[in-house]
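The residues making up each chain are set out below.
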Amino acid sequence: MAAMIEVKNLTYHYPEVAQPALDHISLTVEQGEWVAIVGHNGSGKSTLVRAIDGLVDFSEGEVTVAGIKLTPDSVWDVRKQIGMVFQNPDNQFVGATVADDVAFGLENAGIPRDKMIQKVDAALKQVDMAAFSDREPSRLSGGQKQRVALAGIIAMNPSIIVLDEATSMLDPHGRQTVMDVITKLRQSEKAPTIISITHDLDEAARAQRLIVVNDGQQLATGKPAEIFANEALLASSGLAQPFSTRLARSLAQQGSVHPDHYLSDTEMEDWLWQSHLTM
Amino acid sequence: MAITFDHVNFTYQPNSPFAATGLKDVNLTLPDGSFTAIIGHTGSGKSTLVQHLNGLLKPTSGQVQVDDFTLTSTTSNRHLKDLHQHVGMVFQFPENQLFDQTVVKDIAFGPLNFGFDENTAHDMAVQAAKTVGLPDNVLERSPFELSGGQMRRVAIAGVLASQPRVLVLDEPTAGLDPLGREHMMQMFEQLHEEQQLTVVLVTHQMDDVADYADQAVVMGHGEVLKAGAPQTIFNDPQWVYDQQLDFPTATKFAFQLQQKGFSFNQLPLTEQQLADQLADQLPAMDGKGR
Amino acid sequence: MLEQLTLGRYVPGQSILHRLDSRAKLLLSLYLIVIVFLTSNWLTYVFMFILVGGLIAMTGLKVGYFIRGIGPLIWLIVFTAVLQLLFTPGGHVYWHWGVLMLTSTGIATAVSVFLRFLLIITMATILTLTTAPLAIADGVEAMLKPLRIVHFPVAQTALMLSVALRFVPTLLDEATTIMNAQRARGVEFNNGGLIKRLRAIVPLLIPLFVGAISRADELATAMEARGYQGGDGRTKYRVLHWRSADTMAVISVLIINIVLVVFRHLN
Ligand SMILES: Nc1ncnc2c1ncn2[C@@H]1O[C@H](COP(=O)(O)OP(=O)(O)OP(=O)(O)O)[C@@H](O)[C@H]1O
Ligand SMILES: Nc1ncnc2c1ncn2[C@@H]1O[C@H](COP(=O)(O)OP(=O)(O)OP(=O)(O)O)[C@@H](O)[C@H]1O
Ligand SMILES: [Mg+2]
Ligand SMILES: [Mg+2]
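Protein chains in written order, with UniProt numbering: chain A, 1 to 279; chain B, 1 to 290; chain C, 1 to 267.
Please keep in mind that the hints were generated in silico from the structure rather than gathered at the bench.
A virtual CB, placed ideally from N, CA and C, is assigned to each residue, including glycine.
Take these hints with a grain of salt, some might be off.
Stated by the list, open to error - Derived list of chain A stretches under chain B, where covered just means 3 residues or more per stretch with a C-beta under 8 angstroms from a C-beta of chain B:
#1 56-68
#2 210-222
Stated by the list, open to error - A few chain B residues facing chain C, derived, Cβ under 8 angstroms:
#3 S16
#4 P17
#5 N77
#6 N113
#7 Y212
What the hints assert, rightly or not - Below, computed lysine-lysine pairings styled on DSSO-like, alpha-carbon distance capped at 30 angstroms:
#8 B:K226 / A:K184
#9 A:K69 / A:K125
#10 A:K115 / A:K8
#11 C:K196 / B:K105
#12 A:K184 / A:K80
#13 A:K125 / C:K145
#14 A:K223 / A:K119
#15 B:K226 / B:K252
#16 C:K196 / A:K119
#17 C:K196 / A:K115
#18 A:K190 / C:K196
#19 B:K58 / C:K196
#20 A:K184 / B:K105
#21 C:K145 / A:K69
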């Protein structure tokens, strides 16, 4: 597999802030991979993905996206490769209606109008929002707005999709509908590389790999199960413990058998059932 | 004393093309010292409901009783100040309301408005800052220089400083990381236990409903669809699903175990309840059955 | 209070006025406003009121809604008219005290100022109630187009206008939330003397300002991430459609114009 994103030694200071937001961070994301970035508030997750998209001018280090080295000259080519969905549904809705918003990126790219109409329609169908194409944003729920944002990105057909806490302001139903779109995208033929930033461990567990960010550095990376199994790591990076770990501890307090290492939810179910059968 | 809603209706912008129903015939009792969770899909009327608790909205018809205060469509705004102090209200993303030059001044803003003198207000502010766990060295800094989590705490302290007896929280932990969330919820729990505050929590987090609330109210299209102990609400899975609601993590896990063959005589809502019931169906730690 | 104001609001609908091209509506509104200013005889006023009444009927909205909506502005209109009434010299003098006077010219001027204001505000309200903000922005862009020759950034201005209009409801919501949050902390916005009221505004304005800036910042980031570079090379998704109804509207106005000219000659 080829590397889709390569970050080397990236360092960034916000103006007039002593602490660097990114501190010599290096990492790689493979083509077609789904990576989740986790870490406590202020650990540098958003700054990292913004730097990769050329949205902050980093002072030190190197970013390569789809083989293009990020420089002031190449920044618009890099951005063509990446589609970003941000946290606040209201602050990224540019168009006056759903269809206008989906078209915004296409307009910027200078796509001819007849092609644009097809792409907008197709993208809206993919996120299940075709029936709302004339709606103004003030008459949409947060989840619907986020799906429109996703449609705007799908229409551009980027090789990478970045979700920066795209579901964190939504209700459970809204979250579900957005995650369903991502799952569907992953199953498509040309599945894009996905980077999702999230505080929701269930959502993170769906990724193939986790990157734990702390104080602007990559503290660890690995399969979700590997990361969740490392209690010391979770504690030191301010992450919550997964449900199965907490359940195992409660079982131990009850004096009952319990697994002595991390199990995913389904493994835990099987383990419990096997133990039950030995009674 | 308690909080009661008696046939409360509310319409936004009545007599205009924008008229929208906010509440429909709401009848509800929140006992003194209770911890109530308000849940429901977006636009179901949760925020509209809780804004009636301190008179920010007045019923179009019907009556709200909050301890000694009575609120009807004709209640004059002049009589609401005491109610505002009695019922503290933490809005969604409350850090958006900060404005003063220093943290301590911003926290003291409420007490000053409610007629306390400068010194008393300052003391109340310092006290509230301590309650929410703000370090002393931030008190004289500008609230806009703080991290998101700290700004949230300043805003909450700004509500607690006026020493309300009822605390209304509209999704207070949205956007915080899991540990920040947990600390904040434990802080509210502590206020509830130690000062017997009546707490009303609007939330999309079913784990919070399971862990902290003793009563849950399910809203839908401006109506109260169901009210009762969390246990009774979640006991009807199909209904919960139809309301586009989620389940607590432990409950979802229990459903999976049920499919495997485990049985639960009471639906577990918390990981503790789940462990309790599982322990009976598992061998003890020494390897022998019980 | 803010909620009552109708000027600047849009009510989605399917009336004839809703479906007219925004360029036609903008042009005709401008034209009618000019006519109102040129109006000088009573017959014409009567005619204009009948016309505006007809337009209101065509919107499909209730008359009461217009009347209530103009309510918050009526004092502004009355105030202007009273100034005219008391300070205009000329004609027969009925009463006179210091610089104040009541003259026949004054009365005529006051009445016509009152009527003009009322007509213009009602027409502007009809325009915004039946035209989506986006369509207004598009219409303005179309009308500004000739300015391209002098290198005026027409496309950017239009996008700015459309984004600004798109954020009006969001910012109004935000203002309401902040006001509520501060009321819950004991601020009284509608109580007390002028100084007290002015001071109550500070805890509203600062958060609103801070919020608007961070919103603008996030929006700019999102637009940049989606490839917005300003300038040219952008294509347009939305095109305006001039239909026969629009031509009809323009013809109707021309007919009205002829009627008005005839009225002028009758006098
Ligand atoms: N515009 C800014 N100006 C100054 N400092 C900033 C700015 N944005 C972020 N920071 C600081 O940079 C650090 C990293 O912030 P960043 O937003 O990347 O964190 P994050 O991991 O995305 O946090 P969260 O989970 O809260 O979104 C933090 O210490 C933050 O306070
Ligand atoms: N100022 C307003 N004017 C008109 N309608 C409003 C206004 N505020 C809310 N509504 C409408 O009232 C209904 C209930 O809104 P409310 O804000 O109480 O929902 P909610 O349950 O708090 O939703 P969320 O979970 O999204 O916060 C919605 O349909 C909403 O569109
Ligand atoms: Mg972030
Ligand atoms: Mg709400």
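**Request:** Take a quick look at whether K226 (chain B) and K184 (chain A) sit within 30 angstroms of each other, Cα to Cα.
**Result:** violated (35 angstroms)
**Prompt:** Between K223 (chain A) and K119 (chain A), is the straight-line Cα distance small enough, at 30 angstroms or below?
**Reply:** With a Cα-Cα distance of about 35 angstroms, the restraint between K223 (chain A) and K119 (chain A) is violated, given a limit of 30 angstroms.
**Pair hint outcome, K226 (chain B) versus K252 (chain B) [Cα-Cα no greater than 30 angstroms]** = holds (21 angstroms)
**Request:** Take the C-alpha atoms of K69 (chain A) and K125 (chain A), compute the straight-line distance between them, and say whether it is at most 30 angstroms.
**Result:** Status violated; Cα separation ~34 angstroms.
**Asked** Is the hint on Y212 (chain B) kept, meaning its closest Cβ partner in chain C is under 8 angstroms away?
**Response** violated (22 angstroms)
**Message:** Check whether the Cα positions of K115 (chain A) and K8 (chain A) lie no farther apart than 30 angstroms.
**Reply:** violated (38 angstroms)
**Item:** Satisfaction of hint between K105 (chain B) and K184 (chain A), Cα-Cα up to 30 angstroms
**Value:** violated (51 angstroms)
**Asked** Under the criterion that the straight-line Cα-Cα distance not exceed 30 angstroms, is the pair K196 (chain C), K105 (chain B) satisfied?
**Response** holds (18 angstroms)
**Asked** Regarding the pair K58 (chain B) and K196 (chain C), is the alpha-carbon distance no greater than 30 angstroms?
**Response** holds (24 angstroms)
**Message:** Tell me whether the statement that chain B covers the segment 56-68 of chain A is true, taking a Cβ distance below 8 angstroms and needing three residues at minimum.
**Reply:** violated (count 0)
**Request:** Take a quick look at whether K196 (chain C) and K119 (chain A) sit within 30 angstroms of each other, Cα to Cα.
**Result:** violated (56 angstroms)
**Asked** Do three or more residues from the segment 210-222 of chain A put their C-beta atoms closer than 8 angstroms to C-beta atoms of chain B?
**Response** Not satisfied, violated; 0 residues make the cut.
Violated hints for the displayed structure, listed by number in ascending order: 1, 2, 7, 8, 9, 10, 13, 14, 16, 17, 18, 20, 21.
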